[in-house]
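> Based on the sequences and whatever the hints tell you, model everything.
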Amino acid sequence: MYRKKRTVAMLLAGGQGSRLGVLTKHRAKPAVTFGGKYRVIDFPLSNCVRSGIDTVGVLTQYQPLELNTYIGTGSPWDLDTVTGGAFVLPPYVKGKSGKWYSGTADAIYQNMYFIDQFDPEILLVLSGDHIYKMNYNWMIHNHLDNGADATIAVLRVPLEEASRFGIMNTNRNMRITEFEEKPEHPKNDLASMGVYAFKWPVIKDYLIRDNADPESDNDFGKNVIPAMLAGKQKLFAYEYKGYWKDVGTIRSLWDANMELLLDRPPLNLYDDPWRIYSRNPNEPPHYIAENATVKNSIITEGCRIYGTVEGSVLSSGVVVEKGAVVKDSIIMAGTLIAEGGRVEMSVVDEEVVIGKRSHVGELPEKGAGKIAVVGKRAKVQAGATVPAGEQVDADATVSKARKGGEPK
Amino acid sequence: MIRDAFGLIYAGEQVMQMRELVEFRAVGAVPIGGRYRVIDFPLSNFMNSGIRTVGIIANRNYNSLMDHLSSGKAWDLSRKDDGLFFLTPFANKETGAYKNIIEALRGSMDFIRRAKAEYCILTNSHMIYNSTYDDMMRFHVDSGADITMLYNKASLESYRGERFKDVRLKIDKTGRITDLVTAPESTNLDTAGMETLILRKDILIYLTEECAARGETSFAHDFIRGNLDRLKMMGFEYTGYVGRMHSVAAYYRANMDLIDPHLQKTMFQGQNRIYTKVKDEVPAKYIGDSRVKNSLVANGCIIEGEVENSMLFRGAYIGKGVTIKNCILLPNTEVNDNSELEYVILDKNVGVRSRTRLIGNEEFPVVIRKGARV
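Just so you know, the protein sequences line up as chains A and B, in that order. Using the working numbering, read the first sequence as starting at 1 and increasing by one per residue. Using the working numbering, read the second sequence as starting at 1 and increasing by one per residue.
Just so you know, these hints were derived from the structure itself, not from any lab. A virtual CB, placed ideally from N, CA and C, is assigned to each residue, including glycine. Treat the hints loosely; a few may be bogus.
[Said to hold, decoys possible] Lysine to any residue pairs mimicking SDA-like chemistry, simulated, CA-CA at most 25 Å apart:
id, chain 1, residue 1, chain 2, residue 2
1, B, K293, A, L260
2, B, K265, A, S18
3, B, K320, A, N291
4, A, K182, A, N171
5, A, K295, B, T266
6, A, K295, B, K153
7, B, K73, B, N272
8, A, K94, A, Y132
9, B, K153, B, E362
10, A, K295, B, E308
11, B, K265, A, T308
12, B, K73, B, K279
13, B, K265, B, D76
14, A, K370, A, E66
15, B, K173, B, K265
16, B, K201, B, Y241
17, B, K325, A, A289
18, A, K245, A, K234
19, B, K265, A, V325
20, A, K327, A, Y306
21, B, K277, A, Y277
22, B, K73, A, F118
23, B, K279, A, K94
24, A, K182, A, N280
25, B, K232, B, T266
26, B, K80, A, V82
27, B, K370, B, Q14
28, A, K327, B, D76
29, A, K322, B, K277
30, A, K327, B, G319
31, A, K5, A, R19
32, B, K293, A, K234
33, A, K295, B, G321
34, A, K182, A, R251
35, B, K325, A, K234
36, B, K279, A, E66
[What the hints assert, rightly or not] For each label pair, taking beta carbons as the anchor points, the in silico distance ranges come out as:
id, chain 1, residue 1, chain 2, residue 2, range
37, B, K232, A, T73, 45 to 51 Å
38, A, S75, B, Q14, 32 to 38 Å
39, A, N146, B, K73, 41 to 47 Å
40, B, K279, A, T249, 31 to 37 Å
Below, the structure is given as structure tokens:
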């Protein structure tokens with residue numbers, strides 16, 4: 001018997017994030033590394049805990065292994081509590097009928113019994129794909145004050161970009177009058193963040209109806225929200241004004257990391273009352289050797305730097321050997337850049353070996369700003385080249401011979 | 001893996017020569033190695049040996065020790081049964097604090113009697129080394145010893161006049177301990193005791209009660225030396241690195257040793273890790289004209305100045321134009337623009353104002369006490 005909770009959060013973490021290419025081949029997007037030591041999912045999870053929400057269902061589907069291992073009991077986020085906790089909820093077999101989550105709404109529908117155990121007033125649906133620090137309480141207060149059936153967090157985007165988002169058209173009181181998914185001619189600049197607060201009994205009803213409709217894509221944005229609007233429910237938009245980033249592409253992931261190198265980055269990670277929790281590896285402090293050069297970079301524990309690192313973000317346990325150079329790059333945990341290796345304007349995944357005198361990526365001026373990507377556990381052999389903008393698959397080996405006629 | 005032993009850490013040492021560093025904390029709670037506390041080493045050694053029950057005998061100033069250990073979760077010691085036991089002096093005795101180890105063992109007798117294991121591994125909280133007790137335990141059982149004591153080879157010179165509590169063992173060819181001397185003026189014995197011993201629980205109880213009954217107070221002299229004839233006491237050599245927190249200079253030296261990447265590798269990046277309570281810190285950030293050479297830097301640091309041959313614990317801020325040489329900066333320190341520090345130990349939460357010069361030397365590093373504004 002669980003205790004009654006006012007709010008239960010459901011975190012949608014099953015997305016592939018296919019635009020992240022080789023980075024999401026073996027992991028879901030929420031498990032992608034950000035800022036040296038974080039995973040994307042650390043942000044919504046920390047937001048929950050900081051907002052006093054201690055019951056979080058994490059809905060996984062695509063490549064869940066890394067994510068499941070990462071979340072574990074939820075203790076890194078203080079979610080291993082007696083009455084709540086972090087619950088990893090993969091799709092499961094029900095009698096003869098088990099099926100995958102066919103959409104965001106279906107994922108919640110299939111876990112109705114889980115939510116009902118806590119008999120919540122409010123269901124908070126979160127996306128595990130974004131970097132932001134948000135106190136959900138303000139949104140929930142707003143939701144309750146409005147007596148809303150649903151409240152959708154929105155942020156203002158430049159009108160020319162608005163056609164990439166789900167756009168809310170609202171009246172003066174922020175009541176939503178119309179919802180347009182990726183409109184060609186947006187009438188408004190309020191874009192959905194994929195953060196929803198629902199009256200649980202109301203949304204439950206709509207989820208049941210949505211499930212019964214064979215035509216539906218079982219998606220909140222596409223189906224459920226329009227159905228609620230059509231049903232004359234009270235839907236409100238809540239404007240969030242802080243930092244928010246979708247790191248859904250290699251470029252945006254790279255940009256968001258590089259922003260952290262600014263003297264005053266727009267995302268403040270030193271914010272004590274809103275510190276972002278993550279699973280911390282057990283590593284000693286990082287070591288900078290006698291002849292190493294480190295400039296304008298972020299370096300995590302367990303790194304050993306003997307070469308040059310400039311304008312880069314290094315996760316834990318990265319080794320940069322003598323004479324190796326890392327510039328304008330993101331290097332994830334446990335990767336080795338051997339003697340004389342060069343990594344420029346690249347995203348290198350975990351446990352990669354960059355061989356001696358090999359060359360990955362090009363500086364923006366030479367490589368036209370194209371970002372090279374090396375997948376997890378790949379090996380770039382001694383003397384080999386990975387040209388700017390190229391992606392090396394996870395577990396692949398790049399040999400010197402492969403270079404062929406490709407540009408140096 | 002050892003299953004049939006429990007650990008006991010005597011964390012009540014009074015190490016006066018650690019000066020300001022132990023003014024507000026037990027020596028086991030002194031930060032070391034850029035992110036650890038001294039007591040992480042014995043705790044991790046127990047953990048890596050598979051020991052699931054550990055008693056910590058605290059005596060004075062143990063607030064920060066309790067704070068650090070909390071439930072013992074960081075060392076897998078937050079268990080349903082067994083786990084971490086924090087043993088403090090009883091207030092209803094005549095004395096508030098234990099005066100010696102014998103008294104402390106006696107005060108911890110409830111825990112010792114209740115512990116389910118047959119053997120006890122007794123150690124201290126002021127030495128750092130990374131080792132399991134597996135080999136020592138095998139040696140103890142195979143050699144039929146009543147007590148096995150751990151030692152390493154360390155010349156007197158390596159102490160440079162700080163012989164506080166230095167115990168030297170005389171060991172015969174068979175490995176049996178025949179004599180024991182404390183803080184000798186001069187000696188040719190290079191066998192330095194590590195205050196770590198394995199013995200059966202019943203022997204521990206018996207000898208403790210016997211010493212107490214006779215009013216004996218010295219662990220080395222009465223408990224060990226007084227029983228050399230009737231018990232078989234064996235020495236077991238440890239060949240790895242040992243750091244002894246006997247004084248500020250020794251503490252300083254141990255930290256400087258730990259900057260060395262080779263020692264780093266064996267101490268912190270091998271099979272047996274040293275575990276500690278981890279704070280959620282942001283990775284370190286290098287800004288502008290920062291220049292860092294041969295240094296260890298923990299998460300949460302922001303570096304805009306120069307750092308050489310130094311160790312920065314988490315959350316240090318090094319301002320523009322600052323030079324830090326041969327220094328140890330404990331957690332959350334702040335050195336503001338254009339200051340110069342050489343051979344300095346800044347304790348936790350110390351702030352150094354702009355354009356301040358602090359210069360010590362290797363034998364006598366300047367120590368700035370916790371929380372001070374300089």
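> None of the hints should be skipped; say for each whether it holds.
So, going through the hints one by one against the coordinates:
For the given pair, B/K293 sits about 23 Å from A/L260 by alpha-carbon distance, which is consistent with the 25 Å threshold. Distance hint between B/K265 and A/S18 is unfulfilled; the C-alpha atoms sit about 38 Å from each other, more than 25 Å. Restraint check for B/K320 and A/N291: the C-alpha separation of about 21 Å stays at or below 25 Å, so the hint holds. For the hint linking A/K182 to A/N171, the alpha-carbon distance of about 20 Å falls within 25 Å, and the restraint holds.
Straight-line distance between C-alpha atoms of A/K295 and B/T266 comes to about 28 Å, which puts the hinted pair past the 25 Å bound. Distance check on the hinted pair: A/K295 and B/K153 sit about 42 Å apart at the alpha-carbon level, beyond 25 Å; violated. For a cut-off of 25 Å, the pair hint linking B/K73 to B/N272 stands: about 17 Å separates their Cα positions. A C-alpha spacing of about 35 Å is found between A/K94 and A/Y132, which places the hinted pair above 25 Å, so the restraint is violated.
Of the supplied pair hints, the one linking B/K153 and B/E362 holds, its CA atoms being roughly 23 Å apart against a limit of 25 Å. For the given pair, A/K295 sits about 15 Å from B/E308 by alpha-carbon distance, which is consistent with the 25 Å threshold. With a C-alpha separation of about 21 Å, the suggested pair B/K265 and A/T308 falls inside the 25 Å cut-off, and the hint holds. For the proposed pair B/K73 and B/K279, the alpha carbon gap of about 13 Å is at most 25 Å, so the pair holds.
The hinted pair formed by B/K265 and B/D76 meets the criterion: a straight-line CA distance of about 23 Å does not exceed 25 Å. Taking the CA atoms of A/K370 and A/E66, the gap is near 28 Å; set against the 25 Å cutoff, the hint is violated. Our distance criterion of 25 Å between C-alpha atoms is broken by B/K173 and B/K265, whose separation comes to about 34 Å. Between the alpha carbons of B/K201 and B/Y241 the distance comes to roughly 29 Å, so the proposed pair goes past 25 Å and is violated.
The hinted pair formed by B/K325 and A/A289 meets the criterion: a straight-line CA distance of about 14 Å does not exceed 25 Å. Between A/K245 and A/K234 the CA atoms are separated by roughly 28 Å; this puts the pair beyond 25 Å, and the hint is violated. The suggested pairing of B/K265 with A/V325 holds, with an alpha-carbon distance near 23 Å, which does not exceed 25 Å. A distance of roughly 14 Å separates the Cα atoms of A/K327 and A/Y306; the hinted pair therefore holds under the 25 Å criterion.
For the hint linking B/K277 to A/Y277, the alpha-carbon distance of about 14 Å falls within 25 Å, and the restraint holds. Pair hint B/K73 plus A/F118 does not hold up; C-alpha atoms about 28 Å apart against a cutoff of 25 Å. Between B/K279 and A/K94 the alpha-carbon distance is near 42 Å, which puts this suggested pair outside the 25 Å criterion. With a CA separation close to 38 Å, the supplied pair A/K182 and A/N280 exceeds the 25 Å bound.
The suggested pairing of B/K232 with B/T266 is violated, with an alpha-carbon distance near 33 Å, which exceeds 25 Å. The suggested pairing of B/K80 with A/V82 holds, with an alpha-carbon distance near 15 Å, which does not exceed 25 Å. Taking the CA atoms of B/K370 and B/Q14, the gap is about 19 Å. The hint holds against a cut of 25 Å. The straight-line distance between the Cα atoms of A/K327 and B/D76 is roughly 39 Å, outside the 25 Å bound, and the hint therefore fails.
For the hint pairing A/K322 with B/K277, the CA-to-CA distance comes to about 32 Å; that exceeds 25 Å, so the pair is violated. Among the hinted pairs, A/K327 with B/G319 is consistent with the structure: their alpha-carbon atoms are about 24 Å apart, no more than 25 Å. Distance restraint check for A/K5 and A/R19: the Cα-Cα separation of roughly 37 Å exceeds the 25 Å cut-off, and the hinted pair is therefore not satisfied. About 61 Å separates the Cα atoms of B/K293 and A/K234, which puts this hinted pair outside 25 Å; it is violated.
Among the hinted pairs, A/K295 with B/G321 is consistent with the structure: their alpha-carbon atoms are about 15 Å apart, no more than 25 Å. The hinted pair formed by A/K182 and A/R251 meets the criterion: a straight-line CA distance of about 21 Å does not exceed 25 Å. Note on B/K325 and A/K234: the hinted pairing is violated, with a Cα-Cα distance of about 64 Å set against a maximum of 25 Å. Taking the CA atoms of B/K279 and A/E66, the gap is about 23 Å. The hint holds against a cut of 25 Å.
Between B/K232 and A/T73 the C-beta distance comes to about 47 Å, which sits within the given range of 45 to 51 Å. For A/S75 and B/Q14, the hinted distance range of 32 to 38 Å is satisfied, since their beta carbons lie about 36 Å from each other. Between A/N146 and B/K73, the C-beta spacing of about 42 Å keeps the proposed range 41 to 47 Å intact. Evaluation of the 31 to 37 Å hint for B/K279 and A/T249 yields a pass: the beta carbon distance comes to about 33 Å.
The structure is inconsistent with the numbered hints 2, 5, 6, 8, 14, 15, 16, 18, 22, 23, 24, 25, 28, 29, 31, 32 and 35, although it conforms to all the rest.
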